[in-house]
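S.K.: In the order they appear, the protein sequences are chains A and B.
One point on numbering: in the working numbering, the residue at position 248 of the first sequence is 248, and numbering is uninterrupted.
One point on numbering: in the working numbering, the residue at position 63 of the second sequence is 63, and numbering is uninterrupted.
Accuracy of the hints is not assured; some may be wrong.
Claimed, not checked - Simulated pairs of lysine-lysine, DSBU-like, Cα-Cα distance not exceeding 35 Å: (1) B:LYS219 to B:LYS8; (2) B:LYS64 to A:LYS131; (3) A:LYS206 to B:LYS38; (4) A:LYS136 to B:LYS89; (5) B:LYS64 to B:LYS38; (6) B:LYS338 to A:LYS12.
Quick caveat, the hints were computed from the structure, so don't treat them as lab data.
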Amino acid sequence: MGIEEENQKIEKSIRDIARDLLKNKEVDVIIGYTEGTVPLSTSPIIIRDEKDVDKLVWNNFCYINLAKYLAPRMPQLVDPEKGELKVGIVTKGCVGRALIQLAIEKQINLDNVKIIGIPCNGIVNRRRIEKEIGEKEILEVSVSEDNIIVKGKNFEESFPFSEYINELCKQCKIKSPPKVDSCVGECGEYESVFDEFNDVKEFESKTPDEKWEYINDLLSTCTRCYACREACPMCYCNLCFVDQNKPIWFGKTTDQTEILMFHLIRAMHMAGRCVACGACSSVCPVGIDLNLITRKLEQMVKERYNFTSGIDIDKFPPMMDFEMEDEQEFMLEED
Amino acid sequence: MEQKILLKKDIGKLYNELSKEFKFYAPINEKGYITFRKIENPDNIVLDYLNSKIPPKDVLFPEKDILFEYRYEGKEVIIEEPKNLDEKKIIFGIRPCDAYSFELFANFFSFHGNCKDEIYLTKKENTVLIGIGCNSPRQTCFCTSVGGHPFKKENVDIFLVDLGNKYLVESISERGEAIVKSLSWLGKANDEDKQKAEELSKKAEEMITTQIDPDKIDKILDENFQHPIWSEISESCISCGTCAYLCPTCTCFDVIDENDAYHNRGRRIRIWDTCQSCLYTMETSGHNPRGSKIERCRNRIMHKFSYYPKNYDLTGCVGCGRCVLYCPANNDLRYILKEIEQIES
Numbered sequence: 001m002g003i004e005e006e007n008q009k010i011e012k013s014i015r016d017i018a019r020d021l022l023k024n025k026e027v028d029v030i031i032g033y034t035e036g037t038v039p040l041s042t043s044p045i046i047i048r049d050e051k052d053v054d055k056l057v058w059n060n061f062c063y064i065n066l067a068k069y070l071a072p073r074m075p076q077l078v079d080p081e082k083g084e085l086k087v088g089i090v091t092k093g094c095v096g097r098a099l100i101q102l103a104i105e106k107q108i109n110l111d112n113v114k115i116i117g118i119p120c121n122g123i124v125n126r127r128r129i130e131k132e133i134g135e136k137e138i139l140e141v142s143v144s145e146d147n148i149i150v151k152g153k154n155f156e157e158s159f160p161f162s163e164y165i166n167e168l169c170k171q172c173k174i175k176s177p178p179k180v181d182s183c184v185g186e187c188g189e190y191e192s193v194f195d196e197f198n199d200v201k202e203f204e205s206k207t208p209d210e211k212w213e214y215i216n217d218l219l220s221t222c223t224r225c226y227a228c229r230e231a232c233p234m235c236y237c238n239l240c241f242v243d244q245n246k247p248i249w250f251g252k253t254t255d256q257t258e259i260l261m262f263h264l265i266r267a268m269h270m271a272g273r274c275v276a277c278g279a280c281s282s283v284c285p286v287g288i289d290l291n292l293i294t295r296k297l298e299q300m301v302k303e304r305y306n307f308t309s310g311i312d313i314d315k316f317p318p319m320m321d322f323e324m325e326d327e328q329e330f331m332l333e334e335d
Numbered sequence: 001m002e003q004k005i006l007l008k009k010d011i012g013k014l015y016n017e018l019s020k021e022f023k024f025y026a027p028i029n030e031k032g033y034i035t036f037r038k039i040e041n042p043d044n045i046v047l048d049y050l051n052s053k054i055p056p057k058d059v060l061f062p063e064k065d066i067l068f069e070y071r072y073e074g075k076e077v078i079i080e081e082p083k084n085l086d087e088k089k090i091i092f093g094i095r096p097c098d099a100y101s102f103e104l105f106a107n108f109f110s111f112h113g114n115c116k117d118e119i120y121l122t123k124k125e126n127t128v129l130i131g132i133g134c135n136s137p138r139q140t141c142f143c144t145s146v147g148g149h150p151f152k153k154e155n156v157d158i159f160l161v162d163l164g165n166k167y168l169v170e171s172i173s174e175r176g177e178a179i180v181k182s183l184s185w186l187g188k189a190n191d192e193d194k195q196k197a198e199e200l201s202k203k204a205e206e207m208i209t210t211q212i213d214p215d216k217i218d219k220i221l222d223e224n225f226q227h228p229i230w231s232e233i234s235e236s237c238i239s240c241g242t243c244a245y246l247c248p249t250c251t252c253f254d255v256i257d258e259n260d261a262y263h264n265r266g267r268r269i270r271i272w273d274t275c276q277s278c279l280y281t282m283e284t285s286g287h288n289p290r291g292s293k294i295e296r297c298r299n300r301i302m303h304k305f306s307y308y309p310k311n312y313d314l315t316g317c318v319g320c321g322r323c324v325l326y327c328p329a330n331n332d333l334r335y336i337l338k339e340i341e342q343i344e345s
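Produce the entire structure from the sequences given, and follow the hints as far as they go.
M.R.: Okay, structure coming up:
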């Protein structure tokens with residue numbers, strides 16, 4: 001089955017499930033994606049009425065991690081009298097992981113969330129396509145057979161789908177959400193995830209100096225807009241460490257040292273929590289790809305604690321938990 | 001004024017001459033997107049571009065703008081004002097919408113002459129804009145609805161029109177004319193060139209399909225500060241602030257003090273801020289009049305289409321379409337404005 005056909009099937013099932021959930025009053029609203037107004041985009045949408053479910057779409061441009069709208073709950077999803085609305089949420093693998101991780105961290109109550117699971121077939125790497133098309137206006141993008149077709153005035157280019165999806169999607173082992181209430185097609189179960197972390201191997205082979213240079217160059221264009229943080233489903237702090245001003249912990253300028261401090265400390269907070277959705281990279285206005293940093297942390301957590309975030313609701317992430325036999329090589333022995 | 005011809009192959013020559021007197025900024029391709037940078041090697045200049053992803057506002061209004069530095073000498077405090085504000089700059093290749101945004105910026109930073117920000121205004125006074133007409137506006141552009149035009153010349157000192165392998169050069173201001181005169185090697189333009197430029201201007205105007213009515217919107221906004229539409233349009237917003245960071249007219253900033261007690265010195269810095277941030281307008285008490293994204297999204301629209309027009313009699317948006325094209329949640333400003341237009345009074 002081609003990707004286009006697969007998408008249409010998923011889309012139809014999403015609409016059917018959404019319609020039923022709304023009709024049976026199992027949920028108050030559905031959060032999903034709707035057709036975008038510019039090429040290579042979709043827009044998150046809240047559906048309240050079953051007659052609107054045909055606005056829901058599924059394609060390979062569904063970038064936003066919808067779990068973001070639940071932690072903290074956006075005001076549109078809270079009724080002044082009833083409290084939290086019951087939400088049905090169109091859930092690809094990484095959204096599902098975020099929901100579980102947020103439930104573990106007591107940020108959302110899954111009783112009020114119906115997970116409509118979908119087996120995600122990968123999200124198109126918008127940056128890479130835009131970069132390779134260069135200064136020509138993209139007017140239409142579609143996925144047909146196994147290619148991404150990009151059209152504009154006087155040009156048409158084709159990119160192989162499997163090559164031009166996000167790097168994270170290429171490595172993704174959890175394509176459908178680990179916990180579902182209804183599932184479109186087949187949703188897998190994940191007890192243990194095997195991941196070779198091929199994408200960080202090249203980085204690992206670098207010398208410390210080369211790594212330092214790479215990270216510095218990667219982050220040099222950061223404007224400190226914090227779009228990465230705002231798009232991240234796991235960044236839900238009321239007040240981010242970098243925004244605190246009583247006392248001021250970190251500088252707020254775009255001096256290189258301050259940029260590095262922000263990103264590296266944020267990365268630390270992601271260890272064992274990042275759900276590898278790539279939202280941070282896809283929203284960055286200057287196209288910084290933070291995924292290598294978060295993937296490296298994911299790998300370390302996997303190797304040390306055999307932990308994968310967002311798959312087991314009963315298992316605390318390593319940074320929130322301890323066991324007596326944990327290694328403590330950083331503790332200095334008394335002479 | 002007499003029009004001249006600049007061959008594209010002579011851009012290097014132009015740079016070599018003008019960079020003696022001016023710091024020369026122009027569009028380059030940085031990591032896959034177009035942005036304005038100070039040019040060291042003219043080969044890096046990219047002129048075949050639709051519009052830069054990053055607007056050139058940061059040339060005069062950088063993400064980090066040091067307002068002053070201070071140091072203690074004994075009990076005395078020595079204040080050091082920023083240096084080189086009057087350094088001469090050229091921004092080459094700026095699009096008419098972005099050039100117009102510099103005027104909107106200057107309005108904000110002078111407030112009818114009542115409250116002048118000398119740091120910005122001095123920099124602006126010493127900056128020469130060499131604009132290039134926009135031969136192919138994007139589908140997301142709507143400059144003609146908000147006081148602009150793909151070939152608007154008024155906001156630049158020298159205006160160029162891309163005629164393929166050459167530019168038609170027209171000096172607009174006095175200092176622009178002086179520069180054009182100093183480049184004695186520029187060719188002469190013939191009637192055919194001028195006619196072609198006219199045609200390109202007309203063609204570009206026709207390419208802009210989005211039409212909005214800012215006057216109507218301003219009136220509707222006046223009466224609809226409380227309206228369900230604000231909740232609707234902010235639903236998909238993730239508060240990332242990409243719209244503001246890529247906006248050529250967003251002026252909001254935060255002021256911070258960095259005190260280096262160890263070295264007995266410090267600095268006061270202006271950094272970019274955005275109304276989409278949860279700290280924007282947060283009061284010391286902890287109360288925030290724009291407490292959720294509903295109020296913050298409203299503020300963005302109100303500021304550009306209601307408050308700015310009231311203060312300066314101009315729309316606070318130049319219709320460049322960057323926020324439309326790059327919003328990760330595809331919260332399309334064109335559609336937001338269309339919906340506002342349909343609110344019945």
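S.K.: Work down the list of hints and note, for each, if the structure agrees.
M.R.: Now the hints, each set against the structure:
1. B:LYS219 to B:LYS8: Status violated; Cα separation ~46 Å.
2. B:LYS64 to A:LYS131: 27 Å, holds
3. A:LYS206 to B:LYS38: Distance ~32 Å between LYS206 (chain A) and LYS38 (chain B) Cα, so the pair holds.
4. A:LYS136 to B:LYS89: 29 Å, holds
5. B:LYS64 to B:LYS38: 16 Å, holds
6. B:LYS338 to A:LYS12: 30 Å, holds
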